[in-house]
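Asks: Sequences and hints are given; from them, build the entire structure.
Protein chains in written order, with the working numbering: chain A, 1 to 417; chain B, 1 to 166.
Calculated from the structure, these hints are not laboratory results. Just so you know, not all the hints are guaranteed correct.
Straight line, CA to CA, 25 angstroms or less: simulated SDA-like cross-link-like pairs of lysine to any residue [said to hold, decoys possible]:
(1) B/Lys163 x A/Ile27
(2) A/Lys390 x B/Lys46
(3) A/Lys52 x B/Glu156
(4) B/Lys87 x A/Arg154
(5) B/Lys163 x A/Gly43
(6) B/Lys128 x A/Gly22
(7) B/Lys46 x A/His274
(8) B/Lys87 x A/Glu258
(9) A/Lys86 x B/Lys159
(10) B/Lys80 x A/Gln46
(11) B/Lys159 x A/Ile151
(12) B/Lys10 x A/Tyr191
(13) B/Lys87 x A/Val20
(14) A/Lys52 x B/Arg161
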Amino acid sequence: MPQTFAEKILARKAQLPETVPGQIVEITPDVILSHDNTAPIFGLFQRMGGVKVFNPEMHAVILDHATPAPSTKHAENHRVIRDFVKEQGINNFFDIGKGICHQILVEEGLALPGEIILGSDSHTSHAGVMGAFAAGIGRTEMASIWAIGEIWLRVPESMKITVKNCLPVGVTSKDLALYIIGDRKSDGALYMSVEWHGEAVEALPLSQRATLTNLMAEMGAKNSYIPPDQRTLDYLQDRARREFTPVYPDEDAHYALELEYDAGTIEPMIACPHTVDNVKPLSAVKGISIDQAFLGTCTNGRLDDLAAAAEVLKGRKIAPGRRMIVIPASEAVYLAALQAGYLETFLKAGAVVESPGCGPCMGNHMGVPAVGEVSISTANRNFRGRMGTKESDVYLASPAVVAASAVAGEIQHPRDL
Amino acid sequence: MGKIRGRVWKYGDDVNTDVIFPGKYTYTVSDPSEMPQHALEDLDPKFAGEVKPQDVIVAGSNWGCGSSREQAVVCLSEAKVGAIIAKSFARIYYRNCLNNALPAIVCPEAVDVIQNGETIEIKLEEGKIISAAGEFSFPPLPAAVMEIFNAGGLIEYTKNRLKVED
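Replies: In structure tokens:
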């Protein structure tokens with residue numbers, strides 16, 4: 001029977017001829033990801049009677065959520081993790097400042113086509129940009145994989161999104177993803193495997209494609225997949241940690257839902273408080289005053305995101321009384337942005353540049369808003385209290401729009417500066 | 001397991017994990033027994049002080065969307081919440097419920113008519129909900145998952161498996 005990507009890869013890993021949606025399979029993942037939550041997972045692992053992990057080579061442990069440690073408690077948490085990776089012989093450990101876990105998996109050649117990646121982080125879907133089956137799971141089940149090397153997965157229904165034509169100049173994959181989330185709502189792909197097809201997706205660089213797979217978590221997807229093409233294979237040329245075999249869906253596979261969008265009609269979009277699916281065109285929310293602009297995160301903290309913001313900020317200043325925080329998604333992005341002169345542009349504009357990590361995305365530190373303040377951010381979530389303050393508003397937009405809003409002091413289109 | 005009987009706390013659609021258990025506590029509150037103090041803090045400030053063992057949360061669609069943080073389940077299972085009935089659950093939240101042996105029941109018809117504050121009864125094995133507005137059925141858990149549930153959660157399940165493999 002013709003199979004979707006999810007049906008095919010889960011069948012291959014479970015050593016079955018085929019699988020159907022709803023079927024429960026037991027598999028051993030290729031890569032398991034944990035971040036600052038590695039310490040509490042270790043606690044659960046010990047409660048299960050675990051002593052040595054099933055296979056240290058499966059692990060990728062990346063400190064990114066609250067780095068460098070903002071409090072003694074966070075510092076103790078990091079120390080437990082450093083001791084843990086040493087004792088267990090886990091080599092894929094990335095300490096503070098190396099970058100955000102999802103970005104690191106891609107940069108380090110750990111996210112590979114045809115492999116299964118499970119992470120105790122809801123944006124693990126990100127790694128599907130490389131053609132992997134990548135899904136977020138909870139802490140207890142992560143601890144259980146550490147112990148026994150296996151987990152049950154339900155074979156998901158699949159959704160095929162085909163995007164025709166090309167995105168207009170100044171419109172990004174962030175706008176496309178927000179448009180679709182606004183259209184389908186936050187449960188629009190609940191429990192589904194979302195596949196991206198069409199010439200608009202093929203035309204995007206990998207960094208922009210990653211914004212699509214990353215944001216499918218906000219539509220409830222289990223995983224999101226972009227078929228590996230020449231760009232993907234070129235990127236992996238000197239990077240892949242091992243040999244891999246890509247998995248592609250069959251032409252005539254059955255999808256629970258097939259959607260088609262015309263990229264040419266997409267305009268800059270904004271997710272308004274307090275849900276990611278409360279999406280409006282930028283033109284409808286222009287002029288709302290902002291206090292803080294944040295450029296970064298696994299969604300939009302890569303080099304081309306920083307380049308788009310730097311282009312807007314070049315020769316301009318952040319509006320008086322406003323502030324802007326820039327956090328490159330990884331050390332490699334930080335270094336490349338430094339060499340390209342973007343960091344100088346940000347500093348001269350009056351922005352603050354901080355070390356790679358998640359930063360204020362989930363309210364840990366590095367830019368928590370005050371009561372009543374409004375933030376505009378390139379992140380992936382704007383839930384009430386997400387950035388640490390319940391009584392504050394968060395708008396989500398593309399990097400260029402965030403930069404333009406910082407300059408204008410209000411939500412603004414770059415071309416109208 | 002078996003019979004659950006408690007007061008209903010009813011909420012709407014798309015309740016996310018940031019309001020069930022705020023992100024700012026994820027690395028500062030690590031003792032599970034302290035987590036119920038912050039349960040639903042940004043959604044219903046009365047809940048944490050008034051919830052009683054076996055009370056039932058009844059919610060709309062997509063309960064538990066957002067972050068994968070398991071504290072959003074543990075803060076309720078530690079408060080001895082009897083079950084969550086919803087029109088649908090966010091995927092990771094649903095898995096976390098089963099792994100913590102907190103019954104997560106999908107039953108849209110029941111959600112439509114059950115009233116906030118009423119007392120309802122749930123018979124897990126029989127797949128039945130008994131409310132003032134009548135009786136409702138829900139499908140049983142898949143067998144592979146029931147094994148974890150019957151062990152009392154994934155921690156106990158894995159502990160048993162490690163013992164067998166030794």
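Asks: Now tell me if each hint is right for this structure.
Replies: Evaluated hints:
no.: 1; hint: B/Lys163 x A/Ile27; verdict: 21 angstroms, holds
no.: 2; hint: A/Lys390 x B/Lys46; verdict: 16 angstroms, holds
no.: 3; hint: A/Lys52 x B/Glu156; verdict: 18 angstroms, holds
no.: 4; hint: B/Lys87 x A/Arg154; verdict: 19 angstroms, holds
no.: 5; hint: B/Lys163 x A/Gly43; verdict: 18 angstroms, holds
no.: 6; hint: B/Lys128 x A/Gly22; verdict: 23 angstroms, holds
no.: 7; hint: B/Lys46 x A/His274; verdict: 21 angstroms, holds
no.: 8; hint: B/Lys87 x A/Glu258; verdict: 24 angstroms, holds
no.: 9; hint: A/Lys86 x B/Lys159; verdict: 24 angstroms, holds
no.: 10; hint: B/Lys80 x A/Gln46; verdict: 23 angstroms, holds
no.: 11; hint: B/Lys159 x A/Ile151; verdict: 14 angstroms, holds
no.: 12; hint: B/Lys10 x A/Tyr191; verdict: 24 angstroms, holds
no.: 13; hint: B/Lys87 x A/Val20; verdict: 24 angstroms, holds
no.: 14; hint: A/Lys52 x B/Arg161; verdict: 15 angstroms, holds
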